[in-house]
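2 protein chains.
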Amino acid sequence: MEKKQNIRQISDLGEFGLIDHLTSDLKIRHKELVKSIGDDAAVFESGNECTLVTTDLLVEGVHFNLIYTPLKHLGYKAVVVNLSDLYAMNATPKYITVSIALSSKFSVEAIDELYEGIKLACDRFNVDLIGGDTTSSLSGLFISISAIGTAKKEDIVYREGAAKNDLICVSGDLGGAYMGLQLLEREKKLFLSDTEIQPKLDGYEYVIERQLKPEPRRDIIESLKNAEIKPSSMIDISDGLSSELLHLCKHSDLGCKIYEDKIPINPQTIAVSEMFRLDPSLPALNGGEDYELLFTVPLSKKEEIEKIKDISIIGYMCDKKEGKYFVPRNGQDLKLKAQGWNPL
Amino acid sequence: MEKKQNIRQISDLGEFGLIDHLTSDLKIRHKELVKSIGDDAAVFESGNECTLVTTDLLVEGVHFNLIYTPLKHLGYKAVVVNLSDLYAMNATPKYITVSIALSSKFSVEAIDELYEGIKLACDRFNVDLIGGDTTSSLSGLFISISAIGTAKKEDIVYREGAAKNDLICVSGDLGGAYMGLQLLEREKKLFLSDTEIQPKLDGYEYVIERQLKPEPRRDIIESLKNAEIKPSSMIDISDGLSSELLHLCKHSDLGCKIYEDKIPINPQTIAVSEMFRLDPSLPALNGGEDYELLFTVPLSKKEEIEKIKDISIIGYMCDKKEGKYFVPRNGQDLKLKAQGWNPL
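Residue numbers (numbering that gives the first Met the number 0), protein chains in the order written: chain A, 0 to 343; chain B, 0 to 343.
If we strip away everything but chain A, and leave its shape as in the complex, we get (with noise of 0.2 Å):
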């Protein structure tokens, strides 16, 4: 045998090069399989409908540091990530299996806690907990979860999809959970040098709650259900609005046009980001978990949409040769570029 020369790193390649790299030779064997990897969820058919999965995995100094996640607001957040998937794909969440490796450092009354917040998300969102495995880890926290939810197979909303001239929405406002996030973070770390300072968090509740209590949009799936709009192509926002709507354009081999007066931001996230010397327009893009919907509709439901409380139109999709931009206030058109909040 051959000694292999050139070891690769894994950061070299980037979570989505790695899943690329690993999935390109896939072979598909079950025709019932209308969507494999690539999407937010996989879709196979089941009767007369279609049945969707899709997976986290979620890693305690990674995704999260207990010492400022309160292990119910973990254990909410590990589901409705995975259900945010399931309604980017126009589904109906019905099942979750949960995985968690823990080490010995965790109490029985802990997990209990872990488990409200999952047990409180299936109570919200009527989903019911069917299986999983619970098993030891020699350090820190995982949480593996996996939902399956249904859809009629015409009402399920791709990536792909959009048509040119088609308007870019996006449900809620963006940045927040990152700029709460940052907050966390620095609060942390005067706290690991002095653990007699208090957190400083008082007035900062909403963006410190979009990081660790993100609500997936269900009330978005109804109101353009009820509106009777069907997006022609949509995501959820968990790496960024730029990494998200370059998968849109990806998927459906358009370009984009987005306009930063357009984007939608909170008062409070504004507020933050420039406490933290930060243009609020960067978290917007590329501040991830915030899972709010991103998605396109055509030209002639302008009105319709705009109707929609909590719904933004931010640009149009357009020709691929006409490039991917950012329409800033001030100066020239800027490039998108996918430098969203990577974990990996």
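FYI, nobody ran anything at the bench for these hints, they're computed from the structure. Do not take every clue at face value.
Identical copies look the same in the list; a pair holds intra-copy or inter-copy alike.
Claimed, not checked - Computed list of lysine-lysine pairs in PhoX-like fashion (alpha-carbon distance at most 20 Å, straight line):
(1) Lys30 x Lys151
(2) Lys26 x Lys71
(3) Lys320 x Lys334
(4) Lys30 x Lys336
(5) Lys301 x Lys319
(6) Lys212 x Lys71
(7) Lys187 x Lys261
(8) Lys320 x Lys256
(9) Lys229 x Lys261
(10) Lys199 x Lys187
(11) Lys30 x Lys224
Let chain A serve as the given structure and place chain B on it in line with the hints.
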């Protein structure tokens, strides 16, 4: 808030105790859910068929040791332990999702090897890899796999369903995987004390392969189908014969009697057990990870079962009042105890 008084350690509860504790108050929200937590897989109806879901989490240093586990074998095993759960429900595996968390010590080439094993298992068992998550860990490798299968509702075999006088059957032979692990652990210790020492594993290939590369018993499921025998209850042997048989008894509300001289043990397993000064029945009863099938069939099927290759009848189910006993070659009947291989 009152301060909590009695902080309980998770080890006080054990894996099954912890699962009971966490899931005892679960509600069922979806009427399509046929079986939730408490069997090898969850079952829900989807169209004319049922969909089954199972999940397993493998942790470095707990479930595997990379000193002696080739990554390709690990990938293969991580998939097949899940498929084994689906076969144990008499279902057909169709899809898997694979989530991994890995530390910076792993190169792209290492992950390629892991995925080679994953893809080999997909090829061999006709399964599509449809999704997953890839992230970093601060230390060690974590592999969380979910498997999804299908079955007709009337074909599914649960842990409950055994009747009095049903024959207890087991596929293949038992205890090999445990003795393979003992050998590998012994060589690891020698190697760690003196890295010049080369492992002496010649002649022990069978038990080592049982540990490193178990095979789920799709062939047994097919043989039973061809013989038109539907087991009355079934489970796969991951934690050891005693532990799994007690599950069948508990769920079917029965007792059992199994006979030492009927339990299938490979000659190499016997030889290695004797080398370790162990009664070979001990690993057969309590060693885990053989991934053989344990099932019950009506007494009327005795002749037909005896015709099927690689199935042994090891005892029978009896009234709960008669207890759960192991009948040794010599001496008094022993009460069966679950002292299975349990990494939590």
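Report the numbers of all earlier hints that the structure fails to satisfy, in ascending order. Going through the list in order, the structure violates hints 4, 5, 7, 9 and 11 and respects the others.
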